[in-house]
Structure formats: C-alpha cells, structure tokens
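Engineer: Protein sequences appear in the order of chains F, V and B. Going left to right, the first sequence walks through residues 97 to 384 as our numbering numbers them. Going left to right, the second sequence walks through residues 2 to 242 as our numbering numbers them. Going left to right, the third sequence walks through residues 7 to 356 as our numbering numbers them.
Just so you know, the hints here were simulated from the structure itself, not pulled from any lab data. Just so it is clear, CB atoms sit at the ideal spot from N, CA and C, and this is done for glycine as well. Be aware that one or more of the hints could be misleading.
[Claimed, not checked] Facing chain B, from chain V, some residues (calculated, C-beta under 10 Å):
1) R57
2) T77
3) T89
4) G97
5) R114
6) V154
7) A156
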Amino acid sequence: MDYAAVVVLEILYMIAFLALISAGLAVVFGMMRVINLAHGELVMLGGYATIASSKAGINIYVAMLIIAPIAVGLIGLVVERLIVRFLYGRMIDTMLATWGLSLLLIGLVTLIFGNSAVSVPAPIPGYQVGRYQMGGYNLFIIATSAILMFSMWLVLRYTRVGLIARGAMQGADVVAALGHNPKTIYMVTFTVGAALSGLAGGILAPLTGLLPSVGGSYIAKAFITVITGGAAVIAGTLSTAVVFGTVNQLVSFASTPVIGEIAMLALAMVLLRLMPQGVTGRFFRSST
Amino acid sequence: MSDAAVETRELSVRYGGVLAVNNVSFALRDRELRCLIGPNGAGKSTFFKSVTGQVRGGQASGRVLIRGQDVFGWPTHRIVRLGIGVKTQVPSVMSGLTVEENLWLSARRTLGRQGADAAVDEVVAELGLEGFARRQVGELAHGQRQLAEIGVVLANKPWLVLLDEPAAGITSQETERLVAIIRRINRTAALIVVDHDMHFVRMLDATITVFHQGSILVEGRTADVLADARVREVYLGSRAR
Amino acid sequence: MTGSGFGVGRLRWHWFAAFAAALLLLPLVSETNTPTLLAIWALFALSLGLMWGYAGLLSFGHAAYFGLGAYTYAIASFNIGESTAPLLLALLVPALVAAIIGAMMFYGRISDVYLGVMTLVVTLILNRFMNATAGDAYRIGNARLGGFNGIPAFPTLNVPGDPGEQIYGTPYYYVVVICLLGAYLLARWILASSFGRALVGIRENELRMELIGYDVPALKTLIFSVSAAMAGLAGCLFANWAEIVTPSVFSLGQSAEVIIWVIVGGLGTLIGPMLGAAVLGSLKIALGSQTTVDNSLVLGAILILVVLLIPRGFAPALVAWRRRFASAQAHRRQARGTRRRHVVIRDADA
Numbered sequence: 097m098d099y100a101a102v103v104v105l106e107i108l109y110m111i112a113f114l115a116l117i118s119a120g121l122a123v124v125f126g127m128m129r130v131i132n133l134a135h136g137e138l139v140m141l142g143g144y145a146t147i148a149s150s151k152a153g154i155n156i157y158v159a160m161l162i163i164a165p166i167a168v169g170l171i172g173l174v175v176e177r178l179i180v181r182f183l184y185g186r187m188i189d190t191m192l193a194t195w196g197l198s199l200l201l202i203g204l205v206t207l208i209f210g211n212s213a214v215s216v217p218a219p220i221p222g223y224q225v226g227r228y229q230m231g232g233y234n235l236f237i238i239a240t241s242a243i244l245m246f247s248m249w250l251v252l253r254y255t256r257v258g259l260i261a262r263g264a265m266q267g268a269d270v271v272a273a274l275g276h277n278p279k280t281i282y283m284v285t286f287t288v289g290a291a292l293s294g295l296a297g298g299i300l301a302p303l304t305g306l307l308p309s310v311g312g313s314y315i316a317k318a319f320i321t322v323i324t325g326g327a328a329v330i331a332g333t334l335s336t337a338v339v340f341g342t343v344n345q346l347v348s349f350a351s352t353p354v355i356g357e358i359a360m361l362a363l364a365m366v367l368l369r370l371m372p373q374g375v376t377g378r379f380f381r382s383s384t
Numbered sequence: 002m003s004d005a006a007v008e009t010r011e012l013s014v015r016y017g018g019v020l021a022v023n024n025v026s027f028a029l030r031d032r033e034l035r036c037l038i039g040p041n042g043a044g045k046s047t048f049f050k051s052v053t054g055q056v057r058g059g060q061a062s063g064r065v066l067i068r069g070q071d072v073f074g075w076p077t078h079r080i081v082r083l084g085i086g087v088k089t090q091v092p093s094v095m096s097g098l099t100v101e102e103n104l105w106l107s108a109r110r111t112l113g114r115q116g117a118d119a120a121v122d123e124v125v126a127e128l129g130l131e132g133f134a135r136r137q138v139g140e141l142a143h144g145q146r147q148l149a150e151i152g153v154v155l156a157n158k159p160w161l162v163l164l165d166e167p168a169a170g171i172t173s174q175e176t177e178r179l180v181a182i183i184r185r186i187n188r189t190a191a192l193i194v195v196d197h198d199m200h201f202v203r204m205l206d207a208t209i210t211v212f213h214q215g216s217i218l219v220e221g222r223t224a225d226v227l228a229d230a231r232v233r234e235v236y237l238g239s240r241a242r
Numbered sequence: 007m008t009g010s011g012f013g014v015g016r017l018r019w020h021w022f023a024a025f026a027a028a029l030l031l032l033p034l035v036s037e038t039n040t041p042t043l044l045a046i047w048a049l050f051a052l053s054l055g056l057m058w059g060y061a062g063l064l065s066f067g068h069a070a071y072f073g074l075g076a077y078t079y080a081i082a083s084f085n086i087g088e089s090t091a092p093l094l095l096a097l098l099v100p101a102l103v104a105a106i107i108g109a110m111m112f113y114g115r116i117s118d119v120y121l122g123v124m125t126l127v128v129t130l131i132l133n134r135f136m137n138a139t140a141g142d143a144y145r146i147g148n149a150r151l152g153g154f155n156g157i158p159a160f161p162t163l164n165v166p167g168d169p170g171e172q173i174y175g176t177p178y179y180y181v182v183v184i185c186l187l188g189a190y191l192l193a194r195w196i197l198a199s200s201f202g203r204a205l206v207g208i209r210e211n212e213l214r215m216e217l218i219g220y221d222v223p224a225l226k227t228l229i230f231s232v233s234a235a236m237a238g239l240a241g242c243l244f245a246n247w248a249e250i251v252t253p254s255v256f257s258l259g260q261s262a263e264v265i266i267w268v269i270v271g272g273l274g275t276l277i278g279p280m281l282g283a284a285v286l287g288s289l290k291i292a293l294g295s296q297t298t299v300d301n302s303l304v305l306g307a308i309l310i311l312v313v314l315l316i317p318r319g320f321a322p323a324l325v326a327w328r329r330r331f332a333s334a335q336a337h338r339r340q341a342r343g344t345r346r347r348h349v350v351i352r353d354a355d356a
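Based on the sequences and whatever the hints tell you, model everything.
Structural biologist: Take a look at the structure:
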C-alpha cells in the first residue's frame with residue numbers, strides 16, 4: 097500500500113516535471129512553430145538566477161518565482177530581438193541558430209560561474225510515507241506545475257490576450273488585418289516562453305547541483321514532450337507528459353532509471369511514427 | 002468491361018462525417034477524352050486522387066481498376082507506373098531545377114539515359130518550350146510553368162493523362178494552345194480533364210461527366226450536358242460563357 | 007536550400023589530383039596526428055553533407071552512426087582479432103541500423119522537423135544506453151562495453167591478413183586520406199548517377215517525384231543507409247586513432263558539431279562540409295588547448311552568425327563569387343575580341 101502511494105507520487109512528480117520543463121518550449125512551438133533549442137539553457141539560467149539571488153540574501157521563493165522568470169524573460173527578449181525575429185518561418189534555420197545560442201550560453205555561464213556545481217538547499221523538508229522517505233519538495237513541484245498549467249489554460253482560453261495569441265497562432269495575417277501587430281505578438285510570446293523556462297529552472301534549482309551543462313538533460317525531454325504533443329499548447333504538453341511520465345516511472349521501478357528513460361524515448365519515436373502531427377493532431381483536436 | 006482504361010465500381014470516400022465521393026461507378030475507354038466538371042466541393046478532386054492512390058486520411062471503399070488491374074490500396078508511385086501521368090491542381094514541379102532537368106527526371110523513369118535525353122528534346126519541341134527550357138522553373142511565368150508541368154507529365158509517355166485544372170490562370174491564347182496540345186495527346190493517350198473554365202470545356206467538345214455532391218449527376222456529350230437544366234441549376238454562378 | 011542544377015558538374019581531375027597530392031605529401035612538412043583527426047572529421051561531415059545537401063534529409067543525430075561504427079569496430083576486433091572483418095562490419099552495422107530506422111521513418115512519411123526529432127531520439131537512446139553499460143554483465147563476446155568509461159585497448163587496424171602488422175602513425179594517416187578521397191569520389195559518382203539526380207528531385211519536390219513514379223521512401227532509405235555507412239567508416243577510423251571508444255561518440259555535442267561543420271562549410275556542395283570540418287576542427291583543437299576563450303562560446307557565436315548572415319554557408323558563396331569572376335573574365339575577353347572556346351562554369355564542381 098505504501099509502495100503504491102510512493103509509485104503514484106513518483107509518477108505524478110515525473111508528469112509535473114515534464115510539464116514544467118516543457119511549458120516554455122510548448123508556448124513558443126505551439127504559438128509560433130519556433131523550435132528553440134536553447135530552451136534547456138534558459139531553464140539552466142533560471143536556476144543560476146535563483147541560486148545567485150538566494151546566495152545574495154533574497155528569499156528563495158521570491159528568487160525562484162519572481163526573479164528567475166523576469167531575468168530569463170529579459171534574456172529571451174534580447175534573444176528574440178537580436179536573433180530569432182529574423183528567422184521566423186525558417187524552421188531548420190531557427191533550430192540551428194538556437195542550437196548555436198545554446199552553445200554560446202553554456203560558454204558564457206561557464207566563463208562567469210565556472211565549471212563546478214552550485215546548489216541551494218530545498219526549502220521544504222522531507223516526509224514519511226510508511227517505510228519510505230520522500231522528498232517534500234517534490235510535492236511543491238507537483239503543486240506549482242499544476243497551478244502553472246491551469247493558469248496558462250485560463251489565460252489562453254478566457255482572456256483577451258490569450259485569444260489574440262491563439263488567433264496569431266492560427267493565422268498571422270488574419271490577426272494583422274484585425275489591427276494587431278503580429279511582430280509584437282511574436283516578441284511577447286517568445287519573451288513569455290523564456291520567462292516560463294526561467295521559472296521552471298528556478299523551481300527545479302534546489303533539486304540538484306547546477307552545472308552549465310544541465311540544459312542538455314532538459315532539452316531532450318522537453319523536446320519530445322512538446323513535439324509529440326502536437327499543436328495544442330496545454331492539452332498537447334499535458335497528454336504527452338502524462339504518457340511519458342507514467343511510462344518512464346513504471347519502467348524505472350520495474351528495472352533501472354536508465355531503462356526507464358530509454359523506454360520513454362523509444363515510446364516517443366513510436367508515437368511520432370504513428371501520429372506525425374503529434375497527439376493533439378489526432379485526438380483532442382480542438383483543444384487549447 | 003475489363004478493357005476500360007480506368008474504371009471505378011461503387012467507389013466511396015469518406016472524410017470524417019463527410020461523404021466526399023458517393024458510390025461512384027465510372028468508366029473511361031482507351032484513348033477517350035473526358036471532362037469532369039462540377040461545382041466546388043462536388044468531389045472531383047477527391048475522385049481524381051482516389052484513382053492515383055493519393056487519398057490519405059479518409060476511408061475509401063469500392064474498386065478502382067486501371068486497365069483491368071485492381072489498384073485499390075496501392076501506393077501512388079506503383080499506380081502511376083502502370084503508365085499514368087498526373088498534373089496536379091496546384092502546379093507541382095521541381096522549382097529549383099530547370100525545365101529540361103524536370104523533363105529528364107520524368108523521362109528517365111521509363112527510359113535509359115540516352116532515351117531520356119532524346120525524350121527531353123522531343124517534349125521541348127512538341128510543346129514549344131525552347132524559349133525557356135534552360136531556365137529554372139521557379140522563375141517562369143504561370144502559363145510557362147503550367148506548360149512545363151504538362152511536359153513533365155508527358156515525358157515518360159503515359160497512356161492515361163489526368164489533368165486537374167490545366168486552364169486555371171492562363172490567358173485565352175494559352176487556352177487555345179492548350180486545347181491543341183490536349184488533342185495531340187489524345188491521339189495516343191486517354192485523358193481526364195477537370196476544369197471550371199466552361200469556355201475551355203466547350204472547346205474540348207468531349208464527353209462530360211458532371212459531379213454533384215459526390216455523385217455523378219449527368220454524363221453525355223458537351224452540347225447536351227451544358228444545355229441540361231439540372232446542370233444549369235447546379236452550376237448557377239459559374240463562368241458559363 | 008541550394009542553387010540550381012543537379013549540383014555536380016564534371017570532375018575537374020587536375021584540381022582533384024592537386025588536392026589529393028597535397029594531402030598525401032603533407033607528412034613531409036608536418037606531423038600527422040592532427041591531420042588524421044581532421045580528415046576523419048571531414049569524412050564524417052561529407053557523409054552528412056551528401057544526405058542533407060542533395061537529398062534534403064537533415065539528421066539531427068548523425069553521431070549515432072559515427073558511434074555505431076566506432077563501437078562495432080572495437081567490439082568486433084576484440085572478438086575476431088584481425089581487423090579486416092571488423093572494418094567491414096563497422097560499415098555494415100550502421101548501414102543496416104539506418105536502413106531499418108530510415109524505412110520506419112520514410113515509409114511513415116516523416117519529414118522535416120519530425121525527421122530531425124526522431125534521429126535525435128535515436129542518438130539519445132544510444133548515448134543513454136552505452137553510458138549505463140558498466141560492469142561485467144554488459145559484454146558482447148570478449149568485449150566489455152564499459153559504460154561511461156568505454157572500451158579501451160582493442161586491437162587496432164592491421165595490414166589485411168597479418169594481425170601482427172599494426173598500422174599507426176603516418177601509414178595510418180595515408181589509410182585515412184585514401185578513405186576520404188575514395189568516399190568523395192563515391193559521393194560524386196552517386197550524385198552524377200540517375201539515383202543521385204532523383205535524390206535532388208526528391209529534395210525539390212517529393213510529391214512530383216512520386217507522381218512521376220519514383221519510389222521515394224526507398225530512395226531516401228538507400229541514401230540514408232549509404233550516408234550512415236560512410237559515417238560508420240569515419241567512426242571506425244576515429245576509434246583506431248583514439249585507441250578508445252567512449253559513449254561521447256554518441257553525444258549531442260558530436261551531432262551538433264557535424265551539423266555546424268556542414269552548414270558553415272557550405273550546404274549543397276561536397277567540398278564545403280569537408281572544409282568546414284577541417285577549419286572548425288582545427289579551431290576547436292586550438293581553442294581546446296587554452297582556457298581564456300571557451301570553445302562552446304566561439305562555436306555557438308559562429309553558428310549564429312553563419313545562420314543569420316550566410317545561411318547557405320561559405321562554399322556556395324565562394325562558388326558564386328568565382329562564377330561571377332569567371333564570367334566577368336569571359337566578358338572582358340569577348341570585348342577584347344579574343345576568340346577562345348571557353349567553357350563557362352555552370353554548376354558547382356565541388
């Protein structure tokens with residue numbers, strides 16, 4: 097019984113984790129068909145921003161929930177103005193340029209913060225489930241991820257801003273004809289996406305030691321979650337996060353974490369092969 | 002009627018809730034010229050696509066026979082290898098290559114290298130493409146591009162040619178030239194031509210099949226069909242000149 | 007994505023001979039350790055450039071086949087002892103794996119971005135798997151897979167039939183150069199053939215090629231397989247150069263680097279990727295030996311600048327410049343009234 101509870105909690109955690117690290121990429125991909133391969137590094141930057149502010153004395157929650165998104169959002173804005181906005185519509189070129197950006201960011205962070213891990217302790221203590229010791233912070237991650245997904249859905253579905261954004265996603269020229277500047281919309285969308293990545297990085301910062309290279313471990317999972325999810329931002333990301341998170345954890349429990357991760361990757365390939373438009377290209381078509 | 006060039010028996014194609022092609026039984030004889038007309042959404046393009054195995058994402062039932070061979074479920078490239086040339090509604094050519102290179106790729110599929118070179122020259126001469134044969138297709142005017150595409154279709158010597166809106170967007174002078182080309186093709190090949198341009202259709206003066214809401218409404222000679230009251234009713238608002 | 011035409015004109019044999027001679031005479035003026043590595047990277051870049059530039063297939067995880075070649079050689083040579091068979095296997099295994107994965111993707115009509123994603127995932131799987139194979143349990147025949155630490159000290163290349171005669175140092179450099187030149191000629195031969203021209207057609211308009219009657223998935227799978235074999239050869243040669251194989255051969259970084267080499271050097275030519283690999287590879291080695299400027303930073307900046315400013319890479323720009331120069335020359339000659347039969351360069355001959 098305890099074991100079952102642990103498994104369920106771990107699965108929920110994995111789903112939350114995947115949704116969290118994918119949110120920023122999903123917004124940018126879902127809205128603008130831009131594949132930002134520097135997404136992992138933006139998450140990493142959120143982590144560094146959080147740790148740096150925390151070490152400077154700022155409250156950890158403020159650091160991760162406010163400072164990290166703002167800082168990385170600003171970086172995202174600069175990136176959009178200087179690089180990404182020249183490459184809209186050129187999907188492969190965007191992937192290449194953002195790949196270059198990711199290398200650049202890794203290099204910069206290594207230069208500034210050095211190559212050894214920095215960390216910050218988790219602010220929430222662990223707890224017991226029967227015989228098992230659980231990390232309390234994981235619950236916080238599950239909670240924030242759920243709140244984040246829900247808020248994003250609310251904004252997209254029920255606010256005017258969300259409506260304009262969804263309109264721009266369907267057809268930039270139509271939205272332009274209605275008087276909204278698509279370029280501004282893209283700029284704001286990319287910035288928001290970056291901020292979300294930073295937020296994820298901030299929230300995940302207390303988990304492990306942060307290195308300039310952690311982006312690599314995030315990008316792969318976020319990538320397959322988003323692409324396999326398909327065009328719908330929230331529904332797509334959530335559905336694949338659920339599928340992948342569950343498979344990953346169940347297989348991990350049955351064998352090893354590495355096999356679990358491989359199972360997730362292999363499943364991604366199978367899903368993409370069967371549903372080239374992503375999950376929400378086939379099911380839940382009219383969802384957000 | 003196994004000597005029919007193309008035959009469909011009770012062909013139906015369904016996309017989700019929409020029955021795009023509804024139980025259509027159609028037959029075309031060897032070296033026959035046929036026009037398919039009908040308002041937008043009548044199912045002409047879907048019907049066309051079923052013949053060449055391009056229907057994807059929809060459920061199809063019934064039989065499609067090319068010279069007696071059942072091709073239902075075959076991949077497109079296998080079907081067209083039976084000797085079919087297809088010109089698509091939206092011009093589909095290799096824009097980054099020259100006209101000659103496009104023709105070569107088509108001819109080479111059925112002929113050896115020498116034969117392909119010769120076939121390219123033949124098609125260029127026959128269709129009058131000399132003026133722009135060495136230019137990139139992407140740089141050509143619309144009418145020239147349509148002509149180039151017809152060249153690509155003909156270069157591997159098909160005995161059945163499907164033309165989807167060949168007269169779209171071309172001048173009336175080009176239309177006359179097109180009619181002449183079609184007649185020349187018809188000497189050796191069967192043709193199905195889909196178009197909306199009634200002037201062009203009249204000039205062809207072939208048997209017409211009228212599609213409406215996925216089924217065949219009427220079939221007959223040009224003069225009879227175009228005078229038919231049902232056709233006029235279905236076609237209100239078309240460019241009937 | 008590239009210029010007009012089928013992309014390969016006639017081979018200018020004198021240029022090729024000069025180039026080959028320069029490569030083969032290099033040992034007289036320099037050490038061969040670094041040039042060997044650069045030639046191996048050039049071969050790897052050539053394999054991707056062939057598939058991407060001419061057939062339009064971008065693999066985001068081409069390192070998978072590089073790595074498979076390396077590991078296949080190491081494992082096979084541990085088990086067989088003589089190196090000829092392992093060398094052949096290092097070509098066949100990547101080719102076979104690519105054929106299977108390629109068929110799965112291409113017959114499923116996966117293309118563009120999704121092709122990139124799936125090829126990336128394959129590399130990730132291999133990387134993760136190989137990293138976790140530490141311990142005696144993971145072995146193929148005599149070879150322990152070694153996990154994170156990889157497989158060291160396997161028998162390196164020997165003279166065919168004579169396991170005692172190892173090839174290393176300058177003779178090994180010659181072997182690598184011969185492989186590179188051979189692969190280049192093979193690539194040219196493929197591109198000049200009807201198969202190669204069909205690939206260019208597919209890159210330009212897949213639907214039309216299908217409607218003409220070409221079996222597009224089969225052709226794509228074939229070139230993917232050939233490209234993987236070439237990458238596998240590069241991987242095998244790398245294994246022999248490094249005398250150790252580790253999971254880093256499957257890394258994302260390795261996949262990224264080869265893409266950068268191809269795109270900076272010039273997509274749509276064969277020389278471009280090889281030059282890109284040689285130049286950027288040298289840069290990487292030079293940067294690696296000092297710590298003031300970080301390697302990632304420079305590479306990243308270069309990639310961004312190239313994509314923004316010269317999206318087709320340097321080689322096509324150079325070719326276009328040379329074409330303008332040549333036609334300007336021809337015009338001047340005409341103006342001066344000199345009558346000479348001068349063949350105007352129409353296509354990139356690289």
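Engineer: So, for every hint listed, does it hold in this structure?
Structural biologist: Tested hints:
A cut of 10 Å between beta carbons decides the hint on R57 of chain V: the least distance to chain B is about 8 Å, and the hint holds. Hint status for T77 of chain V relative to chain B: holds, with the closest Cβ pair at about 5 Å, below 10 Å. Hint on T89 of chain V holds. Least Cβ distance to chain B is approximately 7 Å, under the 10 Å limit. With its C-beta approaching chain B no nearer than about 5 Å, G97 of chain V sits inside the 10 Å limit, and its interface hint holds.
The beta carbon of R114 of chain V comes within 7 Å of a beta carbon in chain B, closer than 10 Å, and the hint placing it at the interface holds. A cut of 10 Å between beta carbons decides the hint on V154 of chain V: the least distance to chain B is about 8 Å, and the hint holds. Because the closest C-beta pair between A156 of chain V and chain B is about 8 Å apart, less than 10 Å, the hint holds.
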